[in-house]
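Number of protein chains: 2
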Amino acid sequence: MQFIAGIESELEKRSYGLLLQVVPTLDVELATYRTWRAARRVDGVVCVDPRIDDPRVALLSEPDALPAVVVGDPTLANGLMNVWTDDAAAIRESVRYLHAVGHRRIARVAGVEGYGHTLIRDDAFRDETERLGVRGYVARTDYTPDQGAAATRSLLTSGEADRPTAFIYDNDVMALAGLGVASELGVRVPDELSIIAWDDSPLCAATYPRLSALSHDVTRYGAHVARRLFDAVDGKPKASFLDSTPVLRPRGTTAPVPAR
Amino acid sequence: MQFIAGIESELEKRSYGLLLQVVPTLDVELATYRTWRAARRVDGVVCVDPRIDDPRVALLSEPDALPAVVVGDPTLANGLMNVWTDDAAAIRESVRYLHAVGHRRIARVAGVEGYGHTLIRDDAFRDETERLGVRGYVARTDYTPDQGAAATRSLLTSGEADRPTAFIYDNDVMALAGLGVASELGVRVPDELSIIAWDDSPLCAATYPRLSALSHDVTRYGAHVARRLFDAVDGKPKASFLDSTPVLRPRGTTAPVPAR
Chain X
31 MQFIAGIESE
41 LEKRSYGLLL
51 QVVPTLDVEL
61 ATYRTWRAAR
71 RVDGVVCVDP
81 RIDDPRVALL
91 SEPDALPAVV
101 VGDPTLANGL
111 MNVWTDDAAA
121 IRESVRYLHA
131 VGHRRIARVA
141 GVEGYGHTLI
151 RDDAFRDETE
161 RLGVRGYVAR
171 TDYTPDQGAA
181 ATRSLLTSGE
191 ADRPTAFIYD
201 NDVMALAGLG
211 VASELGVRVP
221 DELSIIAWDD
231 SPLCAATYPR
241 LSALSHDVTR
251 YGAHVARRLF
261 DAVDGKPKAS
271 FLDSTPVLRP
281 RGTTAPVPAR
Chain U
31 MQFIAGIESE
41 LEKRSYGLLL
51 QVVPTLDVEL
61 ATYRTWRAAR
71 RVDGVVCVDP
81 RIDDPRVALL
91 SEPDALPAVV
101 VGDPTLANGL
111 MNVWTDDAAA
121 IRESVRYLHA
131 VGHRRIARVA
141 GVEGYGHTLI
151 RDDAFRDETE
161 RLGVRGYVAR
171 TDYTPDQGAA
181 ATRSLLTSGE
191 ADRPTAFIYD
201 NDVMALAGLG
211 VASELGVRVP
221 DELSIIAWDD
231 SPLCAATYPR
241 LSALSHDVTR
251 YGAHVARRLF
261 DAVDGKPKAS
271 FLDSTPVLRP
281 RGTTAPVPAR
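So the protein lines, in turn, are chains X and U. Read in my numbering, the first sequence has 54 at position 24, and its numbers run on one by one without any break. Read in my numbering, the second sequence has 46 at position 16, and its numbers run on one by one without any break.
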């Protein structure tokens, strides 16, 4: 909702409204774009969570397509107007930080594989852990707390010598679920286990200990996206714009690995 | 977002779109309604979180107003088409449940005072605690985890004899924050303290222990609201429709008061 509020903060300056469509599947989303284009029902489109070879991006690249902004990595935007955050740099920074305070076994609890940003984070995580000689684990989930909890439980019960000492989660509710599993198993956070949440949120400051998180200003991000959409509507040249690099905010769930 | 998804599940059957406007103040919201009416930009309006003597409800009651549905208690709808959940019954049930398992000092951490449903819950809470001879405490907040935590901290440090043994929170993130404050103070949940969250959500199942919560089907609620909006658009008679009464789902944060 903060992202949407950010978009609207710019739309209202020009008296535009936001038509929001929640779609169950990619096919319905593509059909929606076609309907909007045929009926000229909207002036422009914001396309989020682009996939690799995303058919929506292909559709929005056709000659008579609606003006559009792709919110995601430039490699996924096919030359369309594009606003992004540098997720690869953010996850590299997290891995380096955990390494610096002594962690040598780090797990990434990742979101949906189909999303381009999941793969970008995967690659950066794999690359940085290898570079530092850290053992990296990647668990697949669907972003739900249930799967976040299951992945954490599985990795934490894999035997003392193999057990990761730090987890980086792809969203805040999975990090919360991970913190819960640690309590359930009697693993002390942050003494025995460090946790970092992607997407800092009010939730991250409500837990005990408070969740260390990767933070960026989502409202400002939405406003930036809206301004670039107006550029696209106005026929300005298509380009990629880096909005920000999420910043690691260490709070109560990260600490050095204790000496053995 | 589940509420919005529910609304859209009905809109798409008729090929309607949802124009979503996030507004910073009530004045901007009123101006938005006037603009929409003047421009006939929308076919109908869903008005949420009605206040006592809400000026939006007054505006939507004018002869040439847009068709509307008020989402909230019938006493707040001024005879407009109206869909509601029975919050008073839900909080009474929670108080009775806590009383039945031995609690005699129960706190309600309430949301924004201006909202009609806050006052309806307040009244029902006061009434039911008095009826049962239970000591009731009401703390005011703005729904943020920060204020939820502060209210909990204040009440839990008020001295052993006065300390509430159970808390009912007006949303899920405040309940999470309350659970965190209990950990911070070394108060064991549910052995020494019971917690109930309003608005069951995936978050409630991600904590440890899992949050007991008042639950209703928000997606279905949104769909119901959309169907009644179409009734209003079609000129059907205005009436109040009870969608449901939130149901208490006891999970890991509620337990009997231990014998002394």
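What the hints contain is simulated information worked out from the structure, not anything from laboratory work. Among these hints, one or two may not hold up.
Because identical chains share one entry, a pair is satisfied inside a single copy or across any pair of copies.
Here are the simulated SDA-like cross-link-like pairs (lysine to any residue), alpha carbons at most 25 Å apart as the crow flies [claimed, not checked]:
{"id": "1", "residue 1": "K43", "residue 2": "T55"}
{"id": "2", "residue 1": "K43", "residue 2": "R71"}
{"id": "3", "residue 1": "K43", "residue 2": "A130"}
{"id": "4", "residue 1": "K266", "residue 2": "A69"}
{"id": "5", "residue 1": "K43", "residue 2": "D73"}
{"id": "6", "residue 1": "K43", "residue 2": "F33"}
{"id": "7", "residue 1": "K268", "residue 2": "R44"}
{"id": "8", "residue 1": "K43", "residue 2": "L89"}
{"id": "9", "residue 1": "K43", "residue 2": "Y238"}
{"id": "10", "residue 1": "K43", "residue 2": "P286"}
{"id": "11", "residue 1": "K268", "residue 2": "P85"}
{"id": "12", "residue 1": "K43", "residue 2": "L56"}
Structure-based check of each hint:
no.: 1; hint: K43 to T55; verdict: between (32 Å within a copy, 15 Å between copies)
no.: 2; hint: K43 to R71; verdict: both (20 Å within a copy, 17 Å between copies)
no.: 3; hint: K43 to A130; verdict: neither (46 Å within a copy, 55 Å between copies)
no.: 4; hint: K266 to A69; verdict: within (23 Å within a copy, 29 Å between copies)
no.: 5; hint: K43 to D73; verdict: both (15 Å within a copy, 23 Å between copies)
no.: 6; hint: K43 to F33; verdict: within (16 Å within a copy, 27 Å between copies)
no.: 7; hint: K268 to R44; verdict: within (21 Å within a copy, 35 Å between copies)
no.: 8; hint: K43 to L89; verdict: between (29 Å within a copy, 24 Å between copies)
no.: 9; hint: K43 to Y238; verdict: neither (40 Å within a copy, 45 Å between copies)
no.: 10; hint: K43 to P286; verdict: neither (48 Å within a copy, 55 Å between copies)
no.: 11; hint: K268 to P85; verdict: within (19 Å within a copy, 44 Å between copies)
no.: 12; hint: K43 to L56; verdict: between (31 Å within a copy, 18 Å between copies)
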